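Colleague: Protein chains in written order, with this note's numbering: chain A, 1 to 793; chain B, 1001 to 1793.
For the record, the hints were derived by calculation from the structure and aren't laboratory data. Nothing here was measured: the structure is a model prediction, and the numbers come from that model. Glycine included, each C-beta is placed from N, C-alpha and C at the ideal position. You can take every hint at face value.
30 Å max Cα-Cα, derived BS3-like pairs, lysine-lysine:
(1) A:K176 x B:K1457
(2) A:K590 x B:K1180
(3) A:K184 x B:K1590
(4) B:K1254 x B:K1087
(5) A:K184 x B:K1588
(6) A:K180 x B:K1590
(7) B:K1253 x A:K254
(8) A:K81 x A:K93
(9) A:K253 x A:K87
(10) B:K1457 x A:K180
(11) B:K1457 x A:K184
(12) B:K1180 x A:K457
(13) B:K1257 x A:K257
(14) B:K1093 x B:K1253
According to the in silico footprint, chain B covers these stretches of chain A (three or more CB under 8 Å from chain B):
(15) 151 to 162
(16) 628 to 640
(17) 675 to 684
Number of protein chains: 2
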Amino acid sequence: MRNQEKEEQLQPEGILTRVKRLYLLYNHWVLQVLLFFFILVDLSLAIFEEPAVVPLPLWVTMLVELLCLLAFTVRLVHYAKVIPRDKFWKDPKNICIIAILMLTLVDIIIYGALKAASCYGVRWSRVLRPLLLVNVTEGRQLRRAFRSIRNALPQIFYVFLLFMFSVLIFSLMALKLLGKRGLKTTDGAPYFTNYMEIVFDLYVLVTTANSPDVMMPAYNASYFYAIFFILYILINTYIFMSVFLAVVYNNYKKYLKEEVRQLVRTKRHKMVRAFAVLQEQRQEGAEPVVSQANWNQVVRLVHPDISNAHRELLWSVSDHKNQGCIGRVAFVQLADLLNIEVITLKSRPHPFHSLCPALYLSAPSHLICWLVQHRAFVIVYDLIILVNAVFIGLDEENPMIANSEWGFLSLYLLEILLKLYVFEPRAFFSRHNFWNWFDTIIVVSALIATIINSAIKSSGGYSSRQILDIVFILRVLRLIRVVDSIKRFVEMSIVSKSECVTCYLFLLKKQDIFFWIRTHLCRVPFIHVFEFIFLISSLTMKTVFPVRFRTIINTLIRIGPAILTFGQLIIVVYYIFAMVGMELFKGKVKYYEDTSDPASEYCGNPLLKGTPFAHLNYCKNNFNSVVSSFILLVELTVVNQWHVLSSGFTTVTHVSARIFFIFFHIMVVIVIINIFVAFVLEAFFVEYSVEKSDLQTSLEKKIKELELAVAEERLEDNLVNAMETCDNDLGTGQSANTKPTLMFKIASRRYRTVDALLQRMFEADLDPEDFAETDDPEAQNNRNFANPTFSSV
Amino acid sequence: MRNQEKEEQLQPEGILTRVKRLYLLYNHWVLQVLLFFFILVDLSLAIFEEPAVVPLPLWVTMLVELLCLLAFTVRLVHYAKVIPRDKFWKDPKNICIIAILMLTLVDIIIYGALKAASCYGVRWSRVLRPLLLVNVTEGRQLRRAFRSIRNALPQIFYVFLLFMFSVLIFSLMALKLLGKRGLKTTDGAPYFTNYMEIVFDLYVLVTTANSPDVMMPAYNASYFYAIFFILYILINTYIFMSVFLAVVYNNYKKYLKEEVRQLVRTKRHKMVRAFAVLQEQRQEGAEPVVSQANWNQVVRLVHPDISNAHRELLWSVSDHKNQGCIGRVAFVQLADLLNIEVITLKSRPHPFHSLCPALYLSAPSHLICWLVQHRAFVIVYDLIILVNAVFIGLDEENPMIANSEWGFLSLYLLEILLKLYVFEPRAFFSRHNFWNWFDTIIVVSALIATIINSAIKSSGGYSSRQILDIVFILRVLRLIRVVDSIKRFVEMSIVSKSECVTCYLFLLKKQDIFFWIRTHLCRVPFIHVFEFIFLISSLTMKTVFPVRFRTIINTLIRIGPAILTFGQLIIVVYYIFAMVGMELFKGKVKYYEDTSDPASEYCGNPLLKGTPFAHLNYCKNNFNSVVSSFILLVELTVVNQWHVLSSGFTTVTHVSARIFFIFFHIMVVIVIINIFVAFVLEAFFVEYSVEKSDLQTSLEKKIKELELAVAEERLEDNLVNAMETCDNDLGTGQSANTKPTLMFKIASRRYRTVDALLQRMFEADLDPEDFAETDDPEAQNNRNFANPTFSSV
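Please work from the sequences and hints to get the whole structure.
Modeller: Next comes the structure, spelled out in structure tokens:
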């Protein structure tokens, strides 16, 4: 997006202003948030529509929906104004939105008319609502995920063909082998006599949901029949399901790579065009260059919120030879440079230092600083957390335990206050100190909730369940901080190699460890013994676990943003299935809060009497509202017992309702969950290869070099490698007094956008010198998938 | 192995003969088969020992076991004679075998003494038995799989740590949130009140086995608690399980690559040493070479069963410049060349042709040949199979249906006879015509079984159930042949591009398709119309399914040999768990054939009264014999209902028995099944990349070039690409009359050994010029894992 903006800066003044204003307005965050708000409203209408969680009159929901439609239309018209007309009509997503809007309008009118005439009507256009989320300009990640699914479908279909053939053959064999035996299932029904039932049962067996029950009657008859089922499970559950994953993973990787390649190519192409506008000829015959002044102007326009220091850093990276101008290659890299999130760290003196330097610089104050910054401080608090965990596990009715909570709370509060005393508050609460934020929020909210709870308890004599729940959740969440400690511990065991070496050299020099312990242990403070134990244990850790803990933690963190895309994807699919399911099954199965009601035995539907569905008390798993539909669909995604759930709904409707559940299984479990697994696998492999080879973008390397030059002069007396720990320490200003006024570091979550992560994922396959100057037609054709397609006015 | 043999040829005569004889004897297939027979006997002793399927007196099993121990000792002594003493004692697998033999002997003596004194004894050494399978010289694949597991363990442990932390935190939260609500499960038990129970329940939820039951009480209480479970499933089931797969896959790939790399390096090193012995200096200052005579001698010694023609082909590949001698690089490739399975196709005239040429070359005979070789013949038989499938599905009690079976059988027999008439029988039944063998065996055995069945039925008046079962299985298996047809159909849709183009060009020339149909349809025989439809449909197939069906089929085929290794692996693990399980749980749960016995209600153990285990009729899932133990372990591997199974056994023993089941789950489901999935994924990716890039070993390329030169002159008039179809057609001699007397082709399962496949898998990472002449100590140290370690005498 920024590239287009940049490019656009270079157009003649007149057109520029109007289009630029419209474009900037279109991309303004308020409008984007507003759009998502309207989509959210539109989607959440399902809560208020029949069958509703909170019933509202028909005219209210319809009015709100019309309002939403209006908002989408306005947004679309705005988009049409921003991009050229031919591009607008060529883009399938715009056509989609128009079609959705029209169809929804038609449906509202028809449904309204039918309801006015008191006829039966189906709000079929509700299925289309989540497609808006896919087709708005901002849904690029989601569209990509859907494209990736669409592309994988033909191959999945191939495997599915073979898989179904195998299921059919096995079913035929089962029919012939077991159908005439007169076997009975546990509930006395005939076993394996109907071919279609066998096919369904064996399909369910692939999902393992009815294992081993489906096998038991045959197995009870003879050991040999077990072979049949084992063979079936081996072939269909293990091999075919793995091949499904392989196909999905392979396609996912291939098409994602292709899309990213084209995205990068488009970006570079546009940067080259921007360069062509900005370039100037310094010397005759020399390569055209862009001067620093022009470059500064562009960056200022594109990124008004960037600091001067950051901009200068970027320039020094681009112009690494200090020529005062940059060539095309360096200019094209600008877009990537801007994607790397650089944190500007400003060293400020502590407010106390400014307010009363005498007190802050006194000996007791220094002692406090030393203590808080010491590693033992962290370890002591980790121990406190562990003790707290045990106390939480104990019965909170015990007054001693209940009161101990106050002790723990004050300890945690003390920790935060001490840290705030020692570290500069703005650095402590800087954007990237996740754990500081986490601690503070958890502790402060726990304090507030506990106080409120006590107040209610002491006044009314009974405690509010909701607030107690919150208190409990907050208490347990506090324990998560241990992950940070484990991570730090394992990392230190790798980082502190130099320390270990020092320690060992020292021991060797003394020749005799016992001598060393005897002579030193009495003299050194207790804390040093502690550190010695820590060093030995971390050395052991290092030997036992040679692989970095960080890889796994980083993978888990990196999966975060991807889950958001998958979350949207799954919501779109769930929403569609929920709408269809609600139309098909609403009100067929009822849940009774009052268990004394005899109807609660069979979920209010006599057809369910004696079925496993009713027996297992699954009544609340129904399609009677959008919320319960979503939860039911989650249960179907988890697969277990899905045959019981589906049989419940087929019992109350018709056996063909199975199609709905099988189709859901194929779409969600075989396709989407596999794509999710593929993403996790790929993210892990990228993280692992990055960790292993320390492969880094050339840009990042340069920034790191520069940063090291800054960092090393500050930390040269620190045994711990500066690069490894600055993640935790720089922000909290461990050596606040000696560090320079300004520092940079690359954010630990280095990728501001998912695109950049993807680019990194496939960087090895991208040619850095491929600037796509040769406007190959294929690239041109495919360019319009980059959003917004604002390439020429 | 061959390399060592080759090398060994070059030693002085005296030592050579003795060692060579011993070595050849050691590697003789009879001795290897005998070894595996004794291992099998040793393992299957579990069937006859207490708790037995077929009880035998104690002295019989002990005597047999002692016999097996003797056999293993003899084999080990033989091995010690073959390889140098220091190598023998350095090799951990020999130490392992010795330890196992000693321990088993000690155990037999102790157990025998205890039994003689009528004391209680445990045959603990039975657990060690499967380890013999791992540690014998021939168990290399298995050892590699175990090494790969061992290497993955530290990283798995890391993830497991985080995973368990997450489970513990969630359990604590569940205890606090739900423990005090007074909720009840379906069977009225208190819900989520005991921390250890919650941890177990949530662990089971990770395996999805108790979803959604574990959630229902909380969900019935409030919608909001569903969020807790959904979050739990997302984090622990989906993310952590995927990370487990990623870690296992990553490690599997990494260590396998490393092992293969060292294996290849060792092989090359030995080949270089062999070359050093064989080499001669042709010219002064020139590179040393090996003459064809020496080379021939080596190949003849190493591979006595290789045909002269095949050897000449190999020589021509090695000496591609026709110099009469080969350099070091070409010589080193010999080992790889010998690993490529080359099929020598000899074109022989049909026996009928030799016997009565007049008849065989007559017009009707030619017509038969033309018909059978026509594509329509295959299609007609595919249709027959489909009709047969429908008939099988119908009720076989109907006399019409029962009699139709004779019709189908005779049709299939006719097909085979016709094919035998047309194609040369030895070519038809050559080793690589899998489908011909398959067809013939199935049809002939079905014929025999049906005749026996009819004979029994007509004589005794009732049909034997066993024979009927076999008849049914054979009938259904016949249908599998359709896979071959689907494969051929989809492949043709790709191969016959040239045909399609011809067809389209023809249509274009005629300008008007209706005109063309009108003018041609009446004149061309019906069969051409059929072909036209086929072409159109295959063109559609090609458009709809652009990716090769073959990739998927090939992956499935390629997984075959790997499954054998995994089968052994799983048997080793199952055997150990079965032995432990039998000692722990034997006789606790009983199965009653007679369901009228009241004890069958609760599996003969009053403790099980009213438990889900008894209710679901799982009595036969017990540890009362090695067979039922294995089947139970398979059910535990499939995971579903494993909590019910394990709770059954904890009920009859103690709650700590859960450790056995959880440990089994971690070992088998988290580790081994993931390794299996990793293998399938990798096999698919290799196959896919081979298909995509047509990446081929340089050696295979050369063979293909040579082969093409032979093949093309034969098939130049064939529109179908010769290379694509020779897999199916060459063997059956489609154009038997025109082809030359000798042809080669690379077997479609190109890899004779799993090693060669692995080498191919990681070929991209292996440096072909890396001959490891610089004897780096690491490679030397690791060399002894190649078996048998017969490197120097």
